[in-house]
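Trainee: Once you've looked at the hints, dock chain B against the given chain A.
Here are the chains, one letter per residue:
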Amino acid sequence: MKMRVFVPRDAGALAVGADDVAAAMKQAAHARGLDITIIRNGSRGLYWLEPMVEVATVKGRVAYGPVSPADVPSVFDAMASNGSHPLRLGLADEIPWLKRQTRLTFTRCGVIDPRSLEDYRAYGGYRGLARALSLAPEAILADVTASGLRGRGGAGFPTGIKWKTVADAQADRKYIVCNADEGDSGTFADRMIMEGDPFVLIEGMTIAAVTVGATKGYIYIRSEYPHAVVAMNAAISAARRAGYLGERIGNCSHCFDLEVRVGAGAYVCGEETSLLESLEGRRGIVRAKPPLPAHKGLFGKPTVINNVLSFAAIPFILAEGAKAYADFGMGRSRGTMPIQLAGNVRYGGLFETAFGITLGELVDDVGGGTFTGRPVRAVQVGGPLGAYFPRALFDTPFDYEAFATRDGLIGHGGIVVFDDSVDMAKQARFAMEFCAIESCGKCTPCRIGSTRGVETIDKIRRGERVADNVALVEDLCNTMKFGSLCALGGFTPYPVMSALKHFREDFGPAPMRVEAAE
Amino acid sequence: MKMTSAYEPWSEARGDEIISEHATLDGATLVILHALQEAFGYVPEPAIPMVASALNLSRAEVHGVFTFYHDFRKQPAGRHVIKLCRAEACQAAGGDALAARAEAKLGIAIGDTTRDERVTLEPIYCLGLCATAPSAMLDSRLIGRLDEARIDALIAEAQR
Numbered sequence: 001m002k003m004r005v006f007v008p009r010d011a012g013a014l015a016v017g018a019d020d021v022a023a024a025m026k027q028a029a030h031a032r033g034l035d036i037t038i039i040r041n042g043s044r045g046l047y048w049l050e051p052m053v054e055v056a057t058v059k060g061r062v063a064y065g066p067v068s069p070a071d072v073p074s075v076f077d078a079m080a081s082n083g084s085h086p087l088r089l090g091l092a093d094e095i096p097w098l099k100r101q102t103r104l105t106f107t108r109c110g111v112i113d114p115r116s117l118e119d120y121r122a123y124g125g126y127r128g129l130a131r132a133l134s135l136a137p138e139a140i141l142a143d144v145t146a147s148g149l150r151g152r153g154g155a156g157f158p159t160g161i162k163w164k165t166v167a168d169a170q171a172d173r174k175y176i177v178c179n180a181d182e183g184d185s186g187t188f189a190d191r192m193i194m195e196g197d198p199f200v201l202i203e204g205m206t207i208a209a210v211t212v213g214a215t216k217g218y219i220y221i222r223s224e225y226p227h228a229v230v231a232m233n234a235a236i237s238a239a240r241r242a243g244y245l246g247e248r249i250g251n252c253s254h255c256f257d258l259e260v261r262v263g264a265g266a267y268v269c270g271e272e273t274s275l276l277e278s279l280e281g282r283r284g285i286v287r288a289k290p291p292l293p294a295h296k297g298l299f300g301k302p303t304v305i306n307n308v309l310s311f312a313a314i315p316f317i318l319a320e321g322a323k324a325y326a327d328f329g330m331g332r333s334r335g336t337m338p339i340q341l342a343g344n345v346r347y348g349g350l351f352e353t354a355f356g357i358t359l360g361e362l363v364d365d366v367g368g369g370t371f372t373g374r375p376v377r378a379v380q381v382g383g384p385l386g387a388y389f390p391r392a393l394f395d396t397p398f399d400y401e402a403f404a405t406r407d408g409l410i411g412h413g414g415i416v417v418f419d420d421s422v423d424m425a426k427q428a429r430f431a432m433e434f435c436a437i438e439s440c441g442k443c444t445p446c447r448i449g450s451t452r453g454v455e456t457i458d459k460i461r462r463g464e465r466v467a468d469n470v471a472l473v474e475d476l477c478n479t480m481k482f483g484s485l486c487a488l489g490g491f492t493p494y495p496v497m498s499a500l501k502h503f504r505e506d507f508g509p510a511p512m513r514v515e516a517a518e
Numbered sequence: 001m002k003m004t005s006a007y008e009p010w011s012e013a014r015g016d017e018i019i020s021e022h023a024t025l026d027g028a029t030l031v032i033l034h035a036l037q038e039a040f041g042y043v044p045e046p047a048i049p050m051v052a053s054a055l056n057l058s059r060a061e062v063h064g065v066f067t068f069y070h071d072f073r074k075q076p077a078g079r080h081v082i083k084l085c086r087a088e089a090c091q092a093a094g095g096d097a098l099a100a101r102a103e104a105k106l107g108i109a110i111g112d113t114t115r116d117e118r119v120t121l122e123p124i125y126c127l128g129l130c131a132t133a134p135s136a137m138l139d140s141r142l143i144g145r146l147d148e149a150r151i152d153a154l155i156a157e158a159q160r
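Just so you know, the protein sequences line up as chains A and B, in that order.
As numbered in my numbering, the first sequence has no gaps in its residue numbers, which increase by one up to the final residue, 518.
As numbered in my numbering, the second sequence has no gaps in its residue numbers, which increase by one up to the final residue, 160.
Excised from the complex, chain A in its bound form (with noise of 0.2 Å):
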């Protein structure tokens, strides 16, 4: 029989050298006079192990990694002849990091061929939009709303309500947009969804076409994810091809077309009202709501817009009904989050899961702790807007609202791991000199502020006036936070916040000796 060997095409494991593993097993296959057929999957998410290759074998796929060009002529030997192999890690699907997940929005993510829609289908695929089409509108939303999903890009705003709002709206035209824009540091969940499983995005947005009777969809991919670009384009041709895309879709009355357009490097286009100013072939300049954009968004037409992960997580709630979903999490927060550990984190990648796990299971169990060997002195939860967590936090459990309490936010599930080595006032910094890079200049109090913010801080650092100077970056958080429109701004000061209350001692000179020497 034919060899059947899955190497990751996914960004990830290409920047640690997947093509040349590809390669090398194309080689290796030839010296031996065997055909074989090379698969390019997406990433299952265990980056650690990346190049992660795998074989299919009766029993299951047997997984190898991480694998260097070097490695493979003894791994192909293993993989012929089903023998042993330091970097053997067993079947797949039994690798403990991978099996203690609830993968349901990643169910296929790292297993089908990416490009292949019949894959797409024989794991499952396209179940959702076929109920979808014999259902009512109102029984779609009825679906969506009691699955309790909220935005996943962030916000955690109620899909079905925000879809319902749509549906609701009268106009000749509407318009359903994917906020790929996903610019946080140690997110990359849309990416590789849309590397590894893209036609479940199209799924999803296809069946918010259908409840609320849009025409036209768009997702905007941010310009840093060229391969996203392309392997959403060929997904989206495959779709078209099949009749998945464009006029009577799954042989129904309803017509539904998807468009990639790409960003430019611009932060606050993940903003989703600068991001509908950036389709429109403008300055992603934040505007202000009301309107919505649901009542008035792309063209100024009724827009559903939602991030990646929220169409995502779509097809599963259609094909196994709300409830199944609903019965993961915790209180408010249903379903399961794609959570990222990022950073210096020994076991980094993919954990999806239910909501309610604690930060410090994530950092300590799940992310193993730093690559260093050095102990977790912070983490960032939440990009570069989210607070940062000391270990005395590490008991917050993944949930929307237990993060707010704490003055924070589980933004986009992005977790990234910081030994002691961490100088948090640098961080803080940071925090105000990306929001200056980054500001679209509407606000004044994000425009100006984040630049005085930096300013302060470097002052503090040089001990100059600490306690005042502490004082007035209070004083200038409060302003940002309350004088923004959108979250850049507004919620910049979170990391700049929690770095000051929970690692004081970065701060310049402990203040009663300042107070003592002045």
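Any given hint might turn out to be false.
Derived DSS-like pairs: lysine-lysine, alpha-carbon spacing no greater than 27 Å straight-line [what the hints assert, rightly or not]:
1) Lys164(A) <-> Lys216(A)
2) Lys442(A) <-> Lys74(B)
3) Lys426(A) <-> Lys459(A)
4) Lys426(A) <-> Lys83(B)
5) Lys99(A) <-> Lys323(A)
6) Lys426(A) <-> Lys74(B)
7) Lys59(A) <-> Lys2(A)
8) Lys289(A) <-> Lys99(A)
9) Lys501(A) <-> Lys426(A)
Here are some chain A residues the structure puts well away from chain B; computed CB gaps all over 10 Å [what the hints assert, rightly or not]:
10) Ala31
11) Gly186
12) Cys252
13) Arg261
14) Glu320
15) Val422
Covered, in the sense of this in silico footprint (three residues per stretch, anywhere, with C-beta under 8 Å from a C-beta of chain B), are these stretches of chain A [what the hints assert, rightly or not]:
16) 3 to 16
17) 218 to 226
18) 268 to 282
19) 334 to 347
FYI, nobody ran anything at the bench for these hints, they're computed from the structure.
Quick reminder that beta carbons are idealized off the backbone N, C-alpha and C, glycines included.
Mentor: Just chain B, lined up with the frame of chain A:
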């Protein structure tokens, strides 16, 4: 030795062709600016009024879009572009020291191009490779798990 560029030299006729190819799209400005940069390596100044006229916009509006986004260049970059991720996940993994090393090796600051126009060193805020940090991009190739040896090799490759 004159280095050959991967890009076409600016020509009004070619610019016009690229602009007309995309001008009928809804909200075409960014699409056109990307296409121009892809062809010429930057967005030549004479193209701005041409885009404005094709889309029935003012020159100021197109100039405003062009200057808003970090991606668009007003002059060609060096022959090779190294983008170093400067965001938090890469900072946590030792990215700051590697960035300083790259600056020292190339003798330029991040954001600049070497005098021989071979290498441009730029910051990037997240490549989405945060679990294999620190990361970088050399032209269109991604590199993760950077360390001193890898960054040195990357710079040597770019300088060739």
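Trainee: Quick check: which numbered hints come out false for this structure?
Mentor: 6, 8, 11, 13 and 15
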